[in-house]
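Student: Input sequences plus hints: build the corresponding full structure.
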Amino acid sequence: RKEVEQDPGPFNVPEGATVAFNCTYSNSASQSFFWYRQDCRKEPKLLMSVYSSGNEDGRFTAQLNRASQYISLLIRDSKLSDSATYLCVVKVNSGYSTLTFGKGTMLLVSP
Amino acid sequence: DAGITQSPRHKVTETGTPVTLRCHQTENHRYMYWYRQDPGHGLRLIHYSYGVKDTDKGEVSDGYSVSRSKTEDFLLTLESATSSQTSVYFCAISVGDGYTFGSGTRLTVV
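Quick mapping for you: the protein sequence lines, in order, are chains A and B.
Under the numbering used here, think of the first position of the first sequence as 1, with each following residue one higher.
Under the numbering used here, think of the first position of the second sequence as 1, with each following residue one higher.
These are calculated hints, taken from the structure and not from any lab test.
In this text, all values refer to a predicted model and were calculated from it rather than measured experimentally.
Any given hint could turn out to be false.
Which residues of chain B face chain A? A partial, calculated answer using Cβ under 7 Å [what the hints assert, rightly or not]: (1) Gly42; (2) Tyr48; (3) Tyr50; (4) Phe90; (5) Asp97; (6) Gly98; (7) Ser103; (8) Gly104.
Ideal Cβ positions, reconstructed from N, Cα and C, are used throughout, including at glycine.
Tutor: Given below as structure tokens:
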């Protein structure tokens, strides 16, 4: 079983739609969680951290369910500029911690 | 801008030749990482460093070596390049809880 699993998509949505991405992780010792965004042929960039209580940044809302080992990202009122690949990322905070990346979910927002 | 640069940006090399990729950072970060990204696999950790001369293997370290003789530079060497090492290579530094990535090196082994 992969450590971090995501639906690869692509998710094709019209502008203004609400879209949700899901992610599951296998290591129960994971302590930090993130969503990264990667544009085509570019490097990944941090979109937002995910906190246990859930957190929101403008049109983006992230949720964490530790019991189910499940992370989600909700994008409201999608824009054309939201088209990208969204990477679910987890970190186990022990020793020399490294980030483990999901394969990403591609989002295509159309006019 | 976190001050992390990779060189070269693009490289084509022949099978069997050694190749070195460079990652340079200007902000004195202790932790640095090399990842490769391939279709169907996502980002996979090759090697990482937690200080000068302190490095460790990641998930896909076979065929790669690294060196960190200065805080600012983390070098990735493909000892004898193979076609399976054709990939996009990203360097990253640890910033807070997350990472900041360089722009990547697109390597083609022919």
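Student: Confirm or reject each hint.
Tutor: Comparing the hints with the structure gives:
Taking 7 Å as the C-beta contact cut-off toward chain A, the hint placing B/Gly42 at the interface holds, the least distance being around 4 Å. Proximity of B/Tyr48 to chain A holds as hinted, the smallest CB-CB distance being about 6 Å (cut-off 7 Å). Interface restraint check: B/Tyr50 against chain A, minimum CB-CB distance 5 Å, threshold 7 Å, status holds. Checking B/Phe90 against chain A by beta carbon gives a least distance of about 6 Å; that is within 7 Å, so the hint holds.
Hint status for B/Asp97: holds, given a least beta-carbon distance of 5 Å to chain A, under 7 Å. About 5 Å separates the beta-carbon of B/Gly98 from the nearest beta-carbon of chain A, less than 7 Å, and the hint is met. The criterion of a C-beta within 7 Å of any C-beta in chain A is met by B/Ser103, whose closest approach is roughly 6 Å, and the hint holds. Given the 7 Å rule on beta carbons, the hint for B/Gly104 holds: about 6 Å separates it from the nearest Cβ of chain A.
Checked against the numbered hints given earlier, this structure breaks none of them.
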